[in-house]
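Here are the chains, one letter per residue:
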Amino acid sequence: MGTSVDLSINLGGLKMKNPVTVGSGTFAYGQEYNSYFDVSRLGAVTTKSLSLQPRAGNNPPRLVETPAGMLNAIGLQNVGIDVYLKEKAPWLREHGCTIIGNIYGASPEEYAELAQRLEAEGAADAIEANLSCPNVHNAKTARGCTLVAQDPELVKAYTEAIRAATKLPLFIKLSPNVIDIAEPALAAEAAGADAISAINTITSMGINPETRKPILSNIVGGLSGPAIRPVAVKLVWDLSKVLKIPVLGMGGITNASDAMQFILAGATGVAIGSYTFRHPTAAMEVIDGLEDYCQRHDVAKITDLVGAMEV
Amino acid sequence: MGTSVDLSINLGGLKMKNPVTVGSGTFAYGQEYNSYFDVSRLGAVTTKSLSLQPRAGNNPPRLVETPAGMLNAIGLQNVGIDVYLKEKAPWLREHGCTIIGNIYGASPEEYAELAQRLEAEGAADAIEANLSCPNVHNAKTARGCTLVAQDPELVKAYTEAIRAATKLPLFIKLSPNVIDIAEPALAAEAAGADAISAINTITSMGINPETRKPILSNIVGGLSGPAIRPVAVKLVWDLSKVLKIPVLGMGGITNASDAMQFILAGATGVAIGSYTFRHPTAAMEVIDGLEDYCQRHDVAKITDLVGAMEV
Amino acid sequence: MPGIVTCEVKMHQEVSPGHYRLVVHSPQLAGEAQAGQFCMLEVQAGLFPFLRRPMCFERIFKDSVSILYKIEGEGTRLLSRLTQGQTISIQGPLGKPWPLDESIERHIFVAGGIGVAPFPALAEAMIAKLGKTPEVILAARTESMLLCEEEFHQMGCKVHLATDDGSAGEKAFASEVLTRLNPGTGTMVHCCGPMVMMKATHVACEALGIPCMTSLEAEMACGDGVCLGCVVESTIEIEAERMVRVCYDGPVFESTLINWAAY
Amino acid sequence: MPGIVTCEVKMHQEVSPGHYRLVVHSPQLAGEAQAGQFCMLEVQAGLFPFLRRPMCFERIFKDSVSILYKIEGEGTRLLSRLTQGQTISIQGPLGKPWPLDESIERHIFVAGGIGVAPFPALAEAMIAKLGKTPEVILAARTESMLLCEEEFHQMGCKVHLATDDGSAGEKAFASEVLTRLNPGTGTMVHCCGPMVMMKATHVACEALGIPCMTSLEAEMACGDGVCLGCVVESTIEIEAERMVRVCYDGPVFESTLINWAAY
Ligand SMILES: Cc1cc2nc3c(=O)[nH]c(=O)nc-3n(C[C@H](O)[C@H](O)[C@H](O)COP(=O)(O)OP(=O)(O)OC[C@H]3O[C@@H](n4cnc5c(N)ncnc54)[C@H](O)[C@@H]3O)c2cc1C
Ligand SMILES: Cc1cc2nc3c(=O)[nH]c(=O)nc-3n(C[C@H](O)[C@H](O)[C@H](O)COP(=O)(O)OP(=O)(O)OC[C@H]3O[C@@H](n4cnc5c(N)ncnc54)[C@H](O)[C@@H]3O)c2cc1C
Ligand SMILES: Cc1cc2nc3c(=O)[nH]c(=O)nc-3n(C[C@H](O)[C@H](O)[C@H](O)COP(=O)(O)O)c2cc1C
Ligand SMILES: Cc1cc2nc3c(=O)[nH]c(=O)nc-3n(C[C@H](O)[C@H](O)[C@H](O)COP(=O)(O)O)c2cc1C
Ligand code: FES
Ligand code: FES
Numbered sequence: 000m001g002t003s004v005d006l007s008i009n010l011g012g013l014k015m016k017n018p019v020t021v022g023s024g025t026f027a028y029g030q031e032y033n034s035y036f037d038v039s040r041l042g043a044v045t046t047k048s049l050s051l052q053p054r055a056g057n058n059p060p061r062l063v064e065t066p067a068g069m070l071n072a073i074g075l076q077n078v079g080i081d082v083y084l085k086e087k088a089p090w091l092r093e094h095g096c097t098i099i100g101n102i103y104g105a106s107p108e109e110y111a112e113l114a115q116r117l118e119a120e121g122a123a124d125a126i127e128a129n130l131s132c133p134n135v136h137n138a139k140t141a142r143g144c145t146l147v148a149q150d151p152e153l154v155k156a157y158t159e160a161i162r163a164a165t166k167l168p169l170f171i172k173l174s175p176n177v178i179d180i181a182e183p184a185l186a187a188e189a190a191g192a193d194a195i196s197a198i199n200t201i202t203s204m205g206i207n208p209e210t211r212k213p214i215l216s217n218i219v220g221g222l223s224g225p226a227i228r229p230v231a232v233k234l235v236w237d238l239s240k241v242l243k244i245p246v247l248g249m250g251g252i253t254n255a256s257d258a259m260q261f262i263l264a265g266a267t268g269v270a271i272g273s274y275t276f277r278h279p280t281a282a283m284e285v286i287d288g289l290e291d292y293c294q295r296h297d298v299a300k301i302t303d304l305v306g307a308m309e310v
Numbered sequence: 000m001g002t003s004v005d006l007s008i009n010l011g012g013l014k015m016k017n018p019v020t021v022g023s024g025t026f027a028y029g030q031e032y033n034s035y036f037d038v039s040r041l042g043a044v045t046t047k048s049l050s051l052q053p054r055a056g057n058n059p060p061r062l063v064e065t066p067a068g069m070l071n072a073i074g075l076q077n078v079g080i081d082v083y084l085k086e087k088a089p090w091l092r093e094h095g096c097t098i099i100g101n102i103y104g105a106s107p108e109e110y111a112e113l114a115q116r117l118e119a120e121g122a123a124d125a126i127e128a129n130l131s132c133p134n135v136h137n138a139k140t141a142r143g144c145t146l147v148a149q150d151p152e153l154v155k156a157y158t159e160a161i162r163a164a165t166k167l168p169l170f171i172k173l174s175p176n177v178i179d180i181a182e183p184a185l186a187a188e189a190a191g192a193d194a195i196s197a198i199n200t201i202t203s204m205g206i207n208p209e210t211r212k213p214i215l216s217n218i219v220g221g222l223s224g225p226a227i228r229p230v231a232v233k234l235v236w237d238l239s240k241v242l243k244i245p246v247l248g249m250g251g252i253t254n255a256s257d258a259m260q261f262i263l264a265g266a267t268g269v270a271i272g273s274y275t276f277r278h279p280t281a282a283m284e285v286i287d288g289l290e291d292y293c294q295r296h297d298v299a300k301i302t303d304l305v306g307a308m309e310v
Numbered sequence: 000m001p002g003i004v005t006c007e008v009k010m011h012q013e014v015s016p017g018h019y020r021l022v023v024h025s026p027q028l029a030g031e032a033q034a035g036q037f038c039m040l041e042v043q044a045g046l047f048p049f050l051r052r053p054m055c056f057e058r059i060f061k062d063s064v065s066i067l068y069k070i071e072g073e074g075t076r077l078l079s080r081l082t083q084g085q086t087i088s089i090q091g092p093l094g095k096p097w098p099l100d101e102s103i104e105r106h107i108f109v110a111g112g113i114g115v116a117p118f119p120a121l122a123e124a125m126i127a128k129l130g131k132t133p134e135v136i137l138a139a140r141t142e143s144m145l146l147c148e149e150e151f152h153q154m155g156c157k158v159h160l161a162t163d164d165g166s167a168g169e170k171a172f173a174s175e176v177l178t179r180l181n182p183g184t185g186t187m188v189h190c191c192g193p194m195v196m197m198k199a200t201h202v203a204c205e206a207l208g209i210p211c212m213t214s215l216e217a218e219m220a221c222g223d224g225v226c227l228g229c230v231v232e233s234t235i236e237i238e239a240e241r242m243v244r245v246c247y248d249g250p251v252f253e254s255t256l257i258n259w260a261a262y
Numbered sequence: 000m001p002g003i004v005t006c007e008v009k010m011h012q013e014v015s016p017g018h019y020r021l022v023v024h025s026p027q028l029a030g031e032a033q034a035g036q037f038c039m040l041e042v043q044a045g046l047f048p049f050l051r052r053p054m055c056f057e058r059i060f061k062d063s064v065s066i067l068y069k070i071e072g073e074g075t076r077l078l079s080r081l082t083q084g085q086t087i088s089i090q091g092p093l094g095k096p097w098p099l100d101e102s103i104e105r106h107i108f109v110a111g112g113i114g115v116a117p118f119p120a121l122a123e124a125m126i127a128k129l130g131k132t133p134e135v136i137l138a139a140r141t142e143s144m145l146l147c148e149e150e151f152h153q154m155g156c157k158v159h160l161a162t163d164d165g166s167a168g169e170k171a172f173a174s175e176v177l178t179r180l181n182p183g184t185g186t187m188v189h190c191c192g193p194m195v196m197m198k199a200t201h202v203a204c205e206a207l208g209i210p211c212m213t214s215l216e217a218e219m220a221c222g223d224g225v226c227l228g229c230v231v232e233s234t235i236e237i238e239a240e241r242m243v244r245v246c247y248d249g250p251v252f253e254s255t256l257i258n259w260a261a262y
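From first to last, the protein sequence lines are chains A, B, C and D. Residues 0 to 310 in numbering that gives the first Met the number 0 are what the first sequence lists, from first letter to last. Residues 0 to 310 in numbering that gives the first Met the number 0 are what the second sequence lists, from first letter to last. Residues 0 to 262 in numbering that gives the first Met the number 0 are what the third sequence lists, from first letter to last. Residues 0 to 262 in numbering that gives the first Met the number 0 are what the fourth sequence lists, from first letter to last.
Where hints are given, some of them may not hold.
Not close to chain D: a few residues of chain C, all C-beta gaps over 12 Å, as computed [unchecked claim]: (1) Tyr19; (2) Gly30; (3) Gly74; (4) Arg76; (5) Arg80; (6) Thr82; (7) Ser102; (8) Asp164; (9) Asn181; (10) Ala206; (11) Leu207; (12) Gly224; (13) Asn258.
Below 20 Å or equal to it, Euclidean Cα-Cα: the simulated PhoX-like pairs (lysine-lysine) are [as the list claims (entries may be wrong)]: (14) A:Lys212 <-> B:Lys240; (15) D:Lys128 <-> D:Lys61; (16) A:Lys14 <-> A:Lys243; (17) B:Lys16 <-> B:Lys300; (18) B:Lys16 <-> A:Lys240; (19) A:Lys240 <-> A:Lys14.
Just so you know, the hints here were simulated from the structure itself, not pulled from any lab data. We put the beta carbon where it would ideally sit given N, CA and C, even for glycine.
Work out the full structure, taking the sequences as your base and the hints as a guide.
This is the structure:
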């Protein structure tokens, strides 16, 4: 390749050497995929959602393939913050990875504690709060809402609590299951979030006609993969029109061309999720492809392309 | 095949000889696909959305393929009610088709007039009001909403107006871009709707990275096809849990097995949309496949399977 | 009447870099297809790609048809893996054919790049049904992208070459070559190629006062006139609609019916 | 170390109705794979099916591996179209192999239907590395679904047949046949087949007081232990997790580690 391209970004205070991270829950804690490529090449590794206690998750079956995508109801199975701090974070640090610590709690206080511990132990360089997991059922949620991320008031309260607990860059992860994603996003921004991650999976389900039973034991799950990419690009564009803070875009990215859709729509960073399951080196190829794209288009800095869609 | 199966349904007062119709806008006014199969075999033909005046629709490009689906921003191009009454309805009648007349207006009054004219001229056996087209921008819409179907108050007002204008079975077509689809659905039911049609397309977009321009001239369009099926099944299930009136389910159906997912989730009728473009005889094969399914499972009446998912 | 047929691949080979010829056995398509019509190919089984790909008939034989195509993106790349003996689902014939006008004395084809694809069938039809041998202007970016020259020679057509880089024939636009051929009354031009080329040819024909038929392209979903996705803006209204469907009202249009301002 | 390799198809043929054997060239897989491990096959290019399909190694040759599979749904149906000379992307080797325990005197395989797939490789490994020839109980619904009998005979294995309909061998469950073989101390059972069969075999082995290794199946997305989609409930905790991953902690598990209550 010819001239060098500056792929580095600053995502709400998190410096990344390139815009590419992975979707929480699609990369575990980084170790496994290191046999396919040097995971420290990623702009950042995003961890599986961490909770205070280890979680066993939902009963199987927990996943099913769908057209150009998949449905999962893992239920946030994770090793818990203690094991993460003891076994997972050290590995990521030894391997020189920048870490986005994704957290999940049952209350603002739990989120705050998780963020605080990750910062205290130097086990994350940024916090991504998963407020959009289909398992949070909070009595205070507004009528009809089942996710914190659907209710701007709750988003504000949760964000404020986490903000008070950490100085690390704070990303709030939102759900596509809303009428207007600007509302929770602006609430998060006002409450001190440094970036918005979008999107989490779309609430969905499947039924096995032969058994007449739901395919997932949890009945409902989240849809991800290329199937949802056009939905995600639209929501990232909606966000970029109203926010001052940057966006970490995700949803169905498979290659650099997909990633460019998100960047042009206004995402500063991008995350590769489910497609890694099909093609473990996808994130690597996106990094190389973005560099190639910039060279072909004579762009010196990837950040010049953020939101550069020509309407 | 052995014993005969009763595939007939009553969809909010509309008698259909089988549960299968087509998605509005994916079958024009029935004529074209008659060269692939006898369209009168359908439980009903659903027309393209009809408006009072002919509409030219949006500028091209208006469609783009997506993974396991497609994005369209046709913009409700249609021949208008007059041409429909003069040229299209007579053809459907001559060919013995049951007709669901899908309508679109800029105000409750326009919908009412369309419904009234279709009934007066005997040009439809049921009315499906498309309240979920991404082109309605109504000043009275609640904050953040861009579709009538997102605002229960508006759904109520529109449904009441149409209800007052016609005695035909009235279906209200809803959007997946909501937090809780029960709200507009219950509003429609309370206002006199006879069935709910769900779902319309999901708001989405695509960008061509090479030109940096949106792929659709309208920028935003609606996502349809198998990609969205898991989302649609979930919403149909949500509806069937709260409604007394029946549901016409659609979104990504390609075969009888897909259709059965909707029926088991609670849909009385099903519509085949985009997949007809790929495979014009799909709706026919769904009818045959449903009969076969009932025989294999020893079910005498398809209606016994509505909502029969075993949780 | 359009239908869906499962056809066996009789031949499939790369004819020039990135360009393939696919010959499929189908007495039904061969019997019904007319030059200028097209079909929709199912690239592979399953839901990816979701839509069929429109391709016109290059030639129509006794019990088979041929398709000449260029690798454009993922769909055509996957299509190129199809091997002899395998089957492919084809929907067609679709659309309106080239008109075969007995009153025309001189026929000139203007073909740009892969836009040559619908012309071998048209040349054969003109020779067989009108007893007229067309002249052909073959234009392309560079020599390797000039296709079918040999075929046209074999049919006895006079062939004029033009390339953007001068690597073969004239270094000129096809519309310039056309004008220099001095087409007068009684001439009809048939054009297929990139939109800008067709627009230029249309403008040239307007200036020359001769009719020009253009074969358009657009993204298609149904190919049957149903989805209204493939429209282009027209100068007139068909069935009260200002937009005309490339798949159903075309793909062959009199150039004056198209509003070229957008291109 | 798992990796992704593009392999050429050396042979692909239907071995019994709905069952295929696929042999692919790959010195890398052949060099690294161990009996009991599996790989993830990319059924076809493009995004449908979206996920790879898990398949174990039937046999591991010098520079190739073979896979024995049954048409189950759309993915395997599409896979069966692959022809010799084409290439396929394979991810692997993945998972934990069967243990090769030198202290065991008598090895008995219990294979149900397509569950026989991982056993030819295991038999070869035992013969080569332990110098022990296993006995094999082949069970299936009906005769035509009994696979690999010939292969086991060639390796010198004693083969016991059992079918649900009595069309071949005994009309009995595999677990019943197993019990009648009087396996005593020093015997290890290796089982793969439908969940109910593995459960019954596990129960039989518990009663007999002998160890039983089971090779489990589950829907998989990543195959690498990452997505946590393929879990089954365990009787113990691994890394503080009650759920064990079939792809990473297995697919071969000591049967006592699995909570069979759910099946
Ligand atoms: C009536 C008609 C006849 C055609 N005949 C031929 C032919 O004989 N030979 C040939 O090489 N090409 C022909 N084309 C163009 C051909 O259909 C496209 O090149 C092809 O669809 C590209 O598919 P892809 O997946 O490789 O490209 P991609 O760019 O990956 O396609 C993505 C989407 O864009 C659509 N698309 C992309 N380019 C075009 C285009 N130029 N026109 C229409 N749709 C497009 C595809 O259908 C698909 O939906 C014809 C097009 C039309 C409309
Ligand atoms: C470790 C492992 C090894 C295997 N080895 C073999 C083998 O050697 N030979 C063989 O014939 N089969 C084997 N299987 C089962 C095989 O993977 C499935 O039959 C196959 O994935 C079905 O795909 P399909 O698209 O045809 O079926 P579909 O039912 O259409 O598949 C739809 C989805 O279900 C999944 N799926 C369906 N059935 C199973 C199943 N039983 N296990 C896991 N996933 C399933 C598919 O991966 C896919 O995501 C193995 C499974 C596992 C987990
Ligand atoms: C198997 C699986 C597990 C996931 N787990 C989490 C999680 O623990 N926390 C979270 O915030 N998002 C989780 N996600 C959502 C992804 O991070 C991502 O937002 C979503 O999948 C969309 O991206 P994709 O289409 O590229 O997969 C998970 C997704 C999948 C497929
Ligand atoms: C090209 C196209 C045009 C459509 N036009 C209309 C329309 O005019 N009115 C309407 O109510 N729905 C319209 N729809 C939505 C469909 O009727 C259907 O609700 C949606 O496509 C989901 O079904 P599917 O996934 O099977 O296509 C259109 C969909 C497509 C793809
Ligand atoms: S492709 Fe559907 S109308 Fe032309
Ligand atoms: S398949 Fe992903 S953890 Fe096993």
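Regarding the pair Lys128 of chain D and Lys61 of chain D, is the alpha-carbon distance no greater than 20 Å? 16 Å, holds
Least C-beta distance between Asp164 of chain C and chain D, which was stated to exceed 12 Å = Check passes; 33 Å lies beyond 12 Å.
Are Lys16 of chain B and Lys240 of chain A close enough, with their CA atoms no more than 20 Å apart?
Given pair Lys16 of chain B, Lys240 of chain A is violated - Cα atoms ~49 Å apart, limit 20 Å.
Using Cβ atoms and 12 Å as the threshold, tell me whether Ser102 of chain C really stays out of contact range of chain D.
49 Å, holds
Review point. When you look at the beta carbon of Asn181 of chain C, is every beta carbon of chain D farther off than 12 Å?
Key: 50 Å, holds
Q) Should the label of Thr82 of chain C as a non-interface residue stand, given a Cβ cut-off of 12 Å to chain D? A) 7 Å, violated
Taking the shortest Cβ-to-Cβ distance between Tyr19 of chain C and chain D, state whether it exceeds 12 Å. 16 Å, holds
Original post:
Given the hinted pair Lys16 of chain B and Lys300 of chain B, is their alpha-carbon gap at most 20 Å?
Top reply: 12 Å, holds
Checking the smallest CB distance to chain D, is Leu207 of chain C really beyond 12 Å?
About 46 Å separates Leu207 of chain C from the closest Cβ of chain D, which puts it past 12 Å; holds.
| said: Please check whether the beta-carbon of Gly74 of chain C is more than 12 Å away from every beta-carbon in chain D. | reply: Nearest chain D Cβ is 9 Å from Gly74 of chain C, so the label is violated.
Would Asn258 of chain C pass as off the interface with chain D, using Cβ distances and a cut of 12 Å?
Answer for Asn258 of chain C: holds, closest chain D Cβ roughly 36 Å.
Once the closest CB in chain D is found, is it more than 12 Å from Arg80 of chain C?
The claim breaks: Arg80 of chain C does not keep its Cβ more than 12 Å from every Cβ of chain D (closest is about 8 Å).
Checked against the numbered hints above, the structure violates hints 3, 4, 5, 6, 18, 19; every other hint is satisfied.
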